[in-house]
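Enquirer: Next come the chains, spelled out residue by residue.
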Amino acid sequence: MVLFVAVILFVVVMGYLDSRLRWPKPTEKVQKYVSIAERSSTLRRD
Amino acid sequence: MLAGHFALAAVVKSRQPQVPLWALMLGTQLLDVIFVGLYLGGIEKLGSVDGGPAGYGELIITADYTHSMVGALGISLVAALVTAIAWGRRNGIVIGAMVFSHWILDLVMHRSDLAVLPGNSGGLPRLGLGLWQLPWASAALELAMIFVGAFLYYHAAMRTAIKAERVEAKAGNTQAGFRNQAMVASVALFVFLVGTLVADFIVEN
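Order-wise, the sequence lines are chains A and B. For the record, in the first sequence the residue sitting at position 3 is 465 according to our numbering, with numbers rising by one throughout. For the record, in the second sequence the residue sitting at position 9 is 256 according to our numbering, with numbers rising by one throughout.
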């Protein structure tokens, strides 16, 4: 039972530390590909 | 096996960063979480190979609902559906697979104590490949999983932190410190994973 409580604490603490990072949100579409238009816009000169 | 399950959650987090780590960790241990409830209710039981206190690798479980193949599939399906409703189909599939991964890893580790059907209906032969019979081999496998999980998590966290710092820098904030937070989370994960494995060795059930 001690181990079980420790495991729950582990999940809570790691969940907190992990949530401080800027991961994409679960409902956010993960952008794996950058479109050619978007890439070329970074190369454009004003 | 606790550390191995959690290490797998870390591996999946590095590949599916949109799923919160707590959800992956809870998912990978969901069968055991439900087991604890049924154990306290006297429905499922824990024992050891020789009848005494069970050390690392000596555990025999009679968990014919939570840890039966079909029972585990059912729990995984429910977890997948609940997650899909809240976070979409893709995340639902990830969590469902995560929950069932517990049974797969247990199949590798356990002696033949995993039922096929809930309640061991039909008295089918119990399953288990029994890597626990070689405790040092199973511990080495868990340790390897810990290193892989922690390494991949560290890389994914750092990548995310660097991206976030770039965004903040564009907005004029150069003191964001996301890399420090990623380092803290990665070190904490590694320490906790190793601690879980050590605790599994020390604590007798």
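Heads up, some of the hints might be wrong.
Derived contacts from chain B toward chain A, CB cut-off under 8 Å, selection only [what the hints assert, rightly or not]: (1) V258; (2) S261; (3) Q265; (4) V445.
If you want the ones that stay clear, here's a sample from chain B, every Cβ over 12 Å from chain A, calculated [stated by the list, open to error]: (5) M272; (6) L324; (7) S433; (8) I449.
It is worth saying that the hints were derived from the structure and are not from the lab. A virtual CB, placed ideally from N, CA and C, is assigned to each residue, including glycine.
Enquirer: The structure should be examined with respect to each hint, and the outcome stated for every one.
Expert: These are the hints, each one checked on the structure:
The closest approach between the C-beta of V258 of chain B and any C-beta of chain A is roughly 14 Å, which is over the 8 Å cut-off, so the hint fails. Hint status for S261 of chain B: violated, given a least beta-carbon distance of 11 Å to chain A, over 8 Å. Of the supplied interface hints, the one on Q265 of chain B holds, with its beta-carbon coming within about 4 Å of a beta-carbon of chain A, less than 8 Å. Nearest Cβ of chain A to the Cβ of V445 of chain B: about 11 Å, over the 8 Å cut. The hint is violated.
Not every beta carbon of chain A lies more than 12 Å from that of M272 of chain B, the smallest distance being close to 5 Å; the non-interface claim is violated. Non-interface status of L324 of chain B relative to chain A is upheld: no Cβ of that chain comes within 12 Å, the nearest being about 19 Å off. Interface exclusion of S433 of chain B from chain A breaks down, the closest Cβ pair being 9 Å apart, not more than 12 Å. Taking the minimum C-beta to C-beta distance to chain A, about 9 Å, the non-interface status of I449 of chain B is violated against the 12 Å cut.
When the structure is compared with the earlier hints, violations turn up for hints 1, 2, 4, 5, 7, 8 and for no others.
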